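Peer 1: Now for the letters of each chain:
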Amino acid sequence: ETGVTQTPRHLVMGMTNKKSLKCEQHLGHNAMYWYKQSAKKPLELMFVYNFKEQTENNSVPSRFSPECPNSSHLFLHLHTLQPEDSALYLCASSQDYSGVETQYFGPGTRLLVL
Amino acid sequence: DQQVKQNSPSLSVQEGRISILNCDYTNSMFDYFLWYKKYPAEGPTFLISISSIKDKNEDGRFTVFLNKSAKHLSLHIVPSQPGDSAVYFCAARPTSGTYKYIFGTGTRLKVLA
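These protein sequence lines map, in sequence, to chains A and B.
Take 1 as the starting number for the first sequence in this note's numbering and just add one per residue.
Take 1 as the starting number for the second sequence in this note's numbering and just add one per residue.
Incorrect hints may have been included.
Unchecked claim - In silico DSS-like pairs for lysine-lysine, Cα to Cα no more than 25 Å straight-line:
#1 A:K18 to A:K36
#2 B:K100 to A:K52
#3 B:K68 to B:K5
#4 A:K41 to B:K54
In short, the hints are calculated from the structure, not lab data.
Because the structure is a prediction, the values reported are computed rather than measured.
Only chain A is shown next, with the shape it has when bound in the complex (with noise of 0.2 Å):
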């Protein structure tokens, strides 16, 4: 595998379950990002790692739980959410997180929630 990948890449699931999306990169990068696009809307910063911390969480519910256990992976942990949560969910990567260094995004996971 190269670059970044995401796991599943669709997702349908209903308001009460729980369920957790997978982002693995293997570019030897620091940095760790997800994002959130919704239909008609910019891509919208949830969280973002930086050597494994966590720098910036962008007044994300917390019904969205980050978790990154290392450099190379990087867990968003889903619980009780809202159909207005369905979306694109995208995870990237960089060097580290200066701003100018390239971010690098998998897939996407599509999520539906019911």
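With chain A fixed as given, assemble chain B onto it according to the hints.
Peer 2: Chain B in isolation, oriented as in the chain A frame:
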């Protein structure tokens, strides 16, 4: 309120002609701008960037122009190819406080053969 705006949701261009994608921003405190391209079922891929101290950056068929007084960014693709058909996002980075990018909503480019 959106700080980075792409007012054209879609654009169609004939193969071989120039494609011009536009982006406007409202915050003077952005110092770095980027363009990403996204194909269906794939994540966005970095295309080209420009620092606020420059007004032009060129990479092959792709050129980005920055007009700071107008707070306007544009991406020129010459000549356009069918493989350029994708959604193009512009993004801007604030000068201080955070390194997070602010993205536009994207413009879908279709290059007709």
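Peer 1: Now look at each hint and say whether the structure bears it out.
Peer 2: Hints and how they fare:
no. : hint            : in the structure
1   : A:K18 to A:K36  : holds (18 Å)
2   : B:K100 to A:K52 : holds (17 Å)
3   : B:K68 to B:K5   : holds (15 Å)
4   : A:K41 to B:K54  : violated (29 Å)
Hint 4 alone, counting from the list given before, is not met by this structure.
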